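A.B. asks: Same order as they appear, the protein sequences are chains U and H.
Note that this note's numbering numbers the first sequence so that position 31 is 31, with each residue one more than the last.
Note that this note's numbering numbers the second sequence so that position 304 is 304, with each residue one more than the last.
Incorrect hints may appear among the rest.
If you want the footprint, here are the derived chain U segments under chain H, 3+ residues with CB under 8 Å [claimed, not checked]:
no., segment
1, 95-106
2, 178-192
3, 213-227
4, 254-264
5, 273-280
6, 309-320
Counterexamples of contact, computed for chain H against chain U with all Cβ distances above 10 Å [as the list claims (entries may be wrong)]:
no., residue
7, His-25
8, Ser-33
9, Gly-70
10, His-81
11, Glu-123
12, Leu-194
13, Ala-201
14, Arg-205
15, Asp-216
16, Gln-224
17, Lys-247
18, Ala-252
19, Glu-255
20, Leu-282
21, Thr-299
Rather than coming from a laboratory, the hints here were simulated on the basis of the structure.
Since this is a predicted model, take the numbers as computed values, not measurements.
For glycine and all other residues, C-beta sits at the position ideal for the given N, C-alpha and C.
2 protein chains.
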Amino acid sequence: MAWAPDDERGWPGHVELLDQTRLPHETVVLRLSDVLEIRDAIRRLAVRGAPVIGITAAFGLVAGVQAHTGSAAAFAARLAHVDERLRTSRPTAVNLGWALDRCRAAITGCREPGSAVDRLLAEAHAIRAEDEAACAAMGRHALPLLRSGGCYLTHCNTGRLVAAGIGTAFGVFVSGQHAGLDLTVYAGEVRPLLQGSRLTAFELRERGIPGYLLPDGAAGALLQSGRIEGVFVGADRIAANGDTANKIGTYAIAELARAGGVPFHVVAPTSTIDPTLSDGSLIPIEQRPADEVLTFRGTSVGPDGFAVWNPAFDVTPARLISGIVTERGIARAPFGPALASHLSS
Amino acid sequence: MAWAPDDERGWPGHVELLDQTRLPHETVVLRLSDVLEIRDAIRRLAVRGAPVIGITAAFGLVAGVQAHTGSAAAFAARLAHVDERLRTSRPTAVNLGWALDRCRAAITGCREPGSAVDRLLAEAHAIRAEDEAACAAMGRHALPLLRSGGCYLTHCNTGRLVAAGIGTAFGVFVSGQHAGLDLTVYAGEVRPLLQGSRLTAFELRERGIPGYLLPDGAAGALLQSGRIEGVFVGADRIAANGDTANKIGTYAIAELARAGGVPFHVVAPTSTIDPTLSDGSLIPIEQRPADEVLTFRGTSVGPDGFAVWNPAFDVTPARLISGIVTERGIARAPFGPALASHLSS
Chain U
1 MAWAPDDERG WPGHVELLDQ TRLPHETVVL RLSDVLEIRD AIRRLAVRGA
51 PVIGITAAFG LVAGVQAHTG SAAAFAARLA HVDERLRTSR PTAVNLGWAL
101 DRCRAAITGC REPGSAVDRL LAEAHAIRAE DEAACAAMGR HALPLLRSGG
151 CYLTHCNTGR LVAAGIGTAF GVFVSGQHAG LDLTVYAGEV RPLLQGSRLT
201 AFELRERGIP GYLLPDGAAG ALLQSGRIEG VFVGADRIAA NGDTANKIGT
251 YAIAELARAG GVPFHVVAPT STIDPTLSDG SLIPIEQRPA DEVLTFRGTS
301 VGPDGFAVWN PAFDVTPARL ISGIVTERGI ARAPFGPALA SHLSS
Chain H
1 MAWAPDDERG WPGHVELLDQ TRLPHETVVL RLSDVLEIRD AIRRLAVRGA
51 PVIGITAAFG LVAGVQAHTG SAAAFAARLA HVDERLRTSR PTAVNLGWAL
101 DRCRAAITGC REPGSAVDRL LAEAHAIRAE DEAACAAMGR HALPLLRSGG
151 CYLTHCNTGR LVAAGIGTAF GVFVSGQHAG LDLTVYAGEV RPLLQGSRLT
201 AFELRERGIP GYLLPDGAAG ALLQSGRIEG VFVGADRIAA NGDTANKIGT
251 YAIAELARAG GVPFHVVAPT STIDPTLSDG SLIPIEQRPA DEVLTFRGTS
301 VGPDGFAVWN PAFDVTPARL ISGIVTERGI ARAPFGPALA SHLSS
């Protein structure tokens with residue numbers, strides 16, 4: 001876990017983040033206590049992945065308020081300021097607001113700033129520990145969806161970099177490996193930022209899970225070929241009806257999986273469910289800068305200033321989803337009541 | 001036309017090719033007379049696109065045999081050798097074998113090597129001139145499929161670099177522009193070799209047609225968004241039943257266009273139709289090297305030696321195709337008899 005202190009109960013006074021933009025070729029650990037720097041790290045995807053964005057926001061809140069314990073009024077003002085800075089850093093992953101809401105709820109009625117900081121830190125640790133447990137539970141619940149000898153497709157990066165534990169969708173493969181299953185994992189490279197090539201392929205190699213990389217455009221032909229038995233992806237926000245926002249390209253894969261008769265599963269903790277949005281059309285989708293597409297690792301590949309359509313996420317309609325695996329089990333259609341029951345249990 | 005001499009009736013003794021792998025940042029013209037060099041230029045995609053591969057093979061045949069006019073037997077042996085070298089350079093585009101067959105048919109019964117070379121050259125010029133006319137005709141036939149103010153999606157590069165005229169699918173947009181229509185063209189970047197960013201985006205800018213680039217994975221969300229009125233793509237080989245091999249990613253776009261209720265048209269000259277193959281499952285699909293995906297312009301982006309699934313093409317089933325535009329008109333389902341009539345008219 002690179003995004004928080006090694007000592008599970010301790011607090012070094014800053015957030016520690018492995019800068020994911022520098023991977024795989026450089027291992028750079030950021031130690032940030034300034035809230036604007038933490039916000040910038042989230043914005044430029046130095047830290048990315050819905051669960052870990054939530055965890056980072058929780059520890060970031062502690063970092064941002066720890067020195068402002070003079071008066072209750074000053075503390076409250078600072079808390080509101082830091083909350084706003086972190087909450088608006090990226091729009092799509094709901095875990096960000098969820099974690100901040102949860103931390104603030106933990107200090108409701110607490111009038112003493114010093115003890116509020118202690119409670120915020122305890123809550124951040126709890127969020128992290130629960131995420132680790134949730135990853136393990138999702139892996140267990142998804143095991144019956146795997147077959148030894150099977151080939152599976154995933155998209156983007158959903159392993160140990162994005163969560164406190166083994167990850168979400170990637171954690172399913174890790175769980176299968178631990179259970180002794182022989183799995184092969186196909187992973188799209190995920191343009192524009194290549195989370196598949198830069199992160200997932202390295203994590204597959206590190207874990208000794210056989211895999212293939214493919215250009216994102218090849219997913220259709222792969223799912224048409226009959227060699228894939230299932231798709232597992234993570235999520236950035238799940239609406240109350242099961243519509244799911246995830247990395248751009250996910251909706252295409254879901255539609256193509258349906259066409260190829262391949263089951264499509266979303267794997268995400270309940271903290272990724274947003275019960276306040278009735279359906280996916282209400283999920284805010286972040287547009288990313290044109291340069292991500294017009295350049296490739298600093299080299300220009302398209303005409304300077306050309307217009308680019310570069311949404312970071314798309315929305316997969318619930319009707320294309322075979323099941324949503326959370327730490328509470330596998331929700332199936334109709335997703336509305338199934339997800340509500342996961343949230344309340 | 002960078003791939004053949006400027007003088008339409010002349011012959012400089014070599015094939016001239018604009019090296020497409022160096023575009024957009026460098027303009028390198030290759031002047032090749034050695035058949036192995038011509039084959040290599042086709043293999044490494046210095047020249048790419050089904051129509052121009054056929055034209056290159058026709059002129060390459062002339063280049064390969066022109067110095068071997070000593071005896072009829074020696075000429076015949078050389079012709080067979082050069083034919084085999086060119087024909088096997090890439091497997092999917094049928095225009096390659098089509099052009100070679102047509103050139104050889106043009107010298108049937110010709111016993112004098114010198115005059116056979118003249119006839120081969122005349123046939124190569126004819127193939128080129130007919131391709132130019134075919135592009136213009138396809139553009140005319142497709143005009144009723146366009147609406148001023150409309151947004152269209154294309155994939156890969158299908159303009160003046162791949163044909164003798166205005167191109168195939170791209171030529172439709174040029175034809176619309178000439179007819180005074182206001183069009184906006186969305187183009188995928190087309191990993192791994194970025195023909196969209198490196199070639200199509202530059203050609204759009206050069207022609208003054210407004211456009212957007214997008215990561216290939218975003219095509220699903222774009223077609224789901226309702227802003228696209230039609231898809232136009234080229235083809236590398238069309239089976240007798242209309243199943244169409246084209247650049248990897250095309251099948252996905254076709255399936256997603258169907259899901260989004262967007263018409264999907266293939267634009268290709270009849271030389272791209274292979275009446276000997278009953279359906280698309282028989283079209284040979286080229287697998288390209290892993291390094292195309294694992295590196296970018298020499299920079300590594302994935303783990304060294306990681307396995308890659310990198311087919312150059314996929315096959316779109318005829319049932320997803322709204323129409324196939326050839327120089328003879330628009331073929332519609334059932335494609336079998338429609339394409340047969342285009343071939344025989």
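A.B. asks: Are there hints from earlier that the structure breaks, and if so, what are their numbers?
C.D. replies: 1, 5, 7, 12, 13, 14, 15, 16, 17, 18, 19 and 21
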